[in-house]
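Got chain A sorted already, so can you dock chain B onto it with the hints?
Keeping their order, the protein sequence lines are chains A and B. If you count by my numbering, then the first sequence holds residues 1 to 114, one letter each, in order. If you count by my numbering, then the second sequence holds residues 1 to 112, one letter each, in order.
Certain hints may be false.
[Claimed, not checked] Here are the simulated BS3-like cross-link-like pairs (lysine-lysine), alpha carbons at most 25 Å apart as the crow flies:
1) A/K17 - A/K57
2) A/K11 - B/K42
3) B/K104 - A/K57
4) B/K1 - A/K15
Hints in this document: simulated from the structure, not taken from any laboratory.
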Amino acid sequence: GAGVSQSPSNKVTEKGKDVELRCDPISGHTALYWYRQRLGQGLEFLIYFQGNSAPDKSGLPSDRFSAERTGESVSTLTIQRTQQEDSAVYLCASSLRQGVGEQYFGPGTRLTVT
Amino acid sequence: KQEVTQIPAALSVPEGENLVLNCSFTDSAIYNLQWFRQDPGKGLTSLLLIQSSQREQTSGRLNASLDKSSGRSTLYIAASQPGDSATYLCAVSPNSGYALNFGKGTSLLVTP
Numbered sequence: 001g002a003g004v005s006q007s008p009s010n011k012v013t014e015k016g017k018d019v020e021l022r023c024d025p026i027s028g029h030t031a032l033y034w035y036r037q038r039l040g041q042g043l044e045f046l047i048y049f050q051g052n053s054a055p056d057k058s059g060l061p062s063d064r065f066s067a068e069r070t071g072e073s074v075s076t077l078t079i080q081r082t083q084q085e086d087s088a089v090y091l092c093a094s095s096l097r098q099g100v101g102e103q104y105f106g107p108g109t110r111l112t113v114t
Numbered sequence: 001k002q003e004v005t006q007i008p009a010a011l012s013v014p015e016g017e018n019l020v021l022n023c024s025f026t027d028s029a030i031y032n033l034q035w036f037r038q039d040p041g042k043g044l045t046s047l048l049l050i051q052s053s054q055r056e057q058t059s060g061r062l063n064a065s066l067d068k069s070s071g072r073s074t075l076y077i078a079a080s081q082p083g084d085s086a087t088y089l090c091a092v093s094p095n096s097g098y099a100l101n102f103g104k105g106t107s108l109l110v111t112p
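Isolated chain A (complex conformation) (with noise of 0.2 Å):
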C-alpha cells in the first residue's frame, strides 16, 4: 500500500503570492495532520483533520494559512501572501484515526519564499 504523498515536493515562489500545498493520506486513515519544520527548529503542529473536520485550528500560525480537507481524503494547505518567513518544510502525516496508532509522515513540501 501506498504510503502518504506530498505534492509539491519543492515549491519556489516570490512574497506575496499565494501557494498550494497537497497531502493524499494513506487510504482509510481518517486522521490527517500538518506540522511546519523551519531550519534549526523542531516540528510545529499546525492543524489536524478528523474526517473533512478540523476542530483545533489554534496551531496555525496566521490568518493567512487555511486547510481543508475533501472526501475523508486529500487535503490541501493554502498559504496566502507569503512572507519569507513561511520558508519551511511543510510535513503532512495520517493515522488510523484521532490519537489510535503511529502517525505515518509524508516526504514534505520544501517551500522557500523569496
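Structure of chain B alone, referenced to chain A:
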C-alpha cells in the same frame, strides 16, 4: 505547554557501539510517545510507539523505554551501524491524542 527536550543535540560514535538517546518532557499527562528518524531531505520514519501504559517497546536493534512519571524516555540502539546515521526525533501526544509535540532531535553520526 508541553516542552520536549532531547539530549544530546549531536552524537558521533564508531561503528559497533551501543548508544542511548534521551528525551524528556514536562507534562506527564501524555497519551503516547513516538520515536522517529529523519534522513536529510526526507520525511519522518516511525521507529517505535509506546503507549502511556507501556514501559518499553523493542524493534530489532532498537529499544525504547518510557517512564511517564518522571517525564523521560530513552532510545537504545545496539551495535550501531553507519546506516543508523540520521536525526532521531522524540514526540509526545497529549491525552487528547492528536497533535504531536516534538523535540529538536539528536543528530547521530556512526563512523565506519
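Results of checking the hints against the structure:
The hinted pair formed by A/K17 and A/K57 meets the criterion: a straight-line CA distance of about 22 Å does not exceed 25 Å. Pair hint A/K11 plus B/K42 holds up; C-alpha atoms about 15 Å apart against a cutoff of 25 Å. Straight-line distance between C-alpha atoms of B/K104 and A/K57 comes to about 23 Å, which keeps the hinted pair within the 25 Å bound. Of the supplied pair hints, the one linking B/K1 and A/K15 is violated, its CA atoms being roughly 32 Å apart against a limit of 25 Å.
When the structure is compared with the earlier hints, a violation turns up for hint 4 alone.
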